[in-house]
Amino acid sequence: MHKVCLTNDDGPYSSGLLKLAESLSSHMDIVIVVPDGERSASGKALTLNRPLRIKKVKSANGFEMIIHDGSPADSVVLAESLIEGIGLFVSGINAGANLGYQSMFTSGTVGAAIEAALMGFPAIAASLVVEPNEWFNSADKERDYTKICEVIRNVVLRVLNKGLPKGIDALNLNFPSSISEASEIVATKPARVRISNELEKRLDPNQSPYYWLKGVHNDPSQGSDADIVLNNGNISISPIIIDAATDKEIDLLNEFISD
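The numbering of the sequence shown is my numbering, which starts it at 20 and goes up by one.
It should be emphasised that the hints constitute simulated quantities derived from the structure, not laboratory data.
None of the values given here were measured: they were computed from a predicted structure.
C-beta atoms are modelled at their ideal positions from N, C-alpha and C, and glycine is treated no differently.
Keep in mind that the hints are not guaranteed to be accurate.
Each pair of labels, with its calculated beta carbon distance range [as the list claims (entries may be wrong)]: (1) K75 with G106: 19 to 25 Å; (2) K22 with S227: 51 to 57 Å; (3) K208 with N173: 18 to 24 Å; (4) S227 with N173: 49 to 55 Å.
Sequences are here, hints too, so could you generate the full structure?
Right under this line is the structure:
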């Protein structure tokens, strides 16, 4: 039986993680390695300036977990070192969509998948559109994950049986907040920028200024992952390609530095 490692950036109490483990467990051997709490927006950060502490526990639904005090990407390093025979990493289900490069480069969920890909493992990141008050809440509210888990399971089984398509290092799956019978899974390119970052100045009770970084959503480009999910209510599957530079780009770069 294939061995699949689940991780996330939402911590061990995430409903999406536990529901996905249940869904996959009848088809494959599941191991879970996760940070001990919320690590959203940590990207592919690794813990290099202090030791990592781990503990082995059982989840509420009976799965063995390795919980640690590091980052989502640390989960991959720990799993590769402590567990033999892992064939695939799945990161998620994240409470909050990771649509477009802007979110993908920031996301701890996608960061874990990229770390796995860099280490030579096939990897899948899976995320769900939720309300803003759930973005940084590891104990996200209960919802029906049945259809979402079914889609992810089918993709996981396909990767385990056939491998990733040639040239693709990992997959980024995103689900709309509400999936209907009409929702389809669509292969898409990630949007480039879908959020404008704004800095809001506020005053604390002592009248000292502080700043809050907030994102303002832009209209997504037509046909992008954000458009497919947010405007059309479909499920996007996008490629993560690490070695994207071609000989043509290298030639152009050589021209650039030799002028």
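Structure-based check of all given hints:
Distance hint for K75 and G106: a CB-CB separation of about 21 Å, consistent with the stated range 19 to 25 Å. Here the CB-CB span from K22 to S227 is close to 52 Å, well matched to the stated 51 to 57 Å. At roughly 22 Å, the beta carbons of K208 and N173 sit within the given window of 18 to 24 Å. The supplied range of 49 to 55 Å is met by S227 and N173, whose beta-carbon atoms lie about 53 Å from each other.
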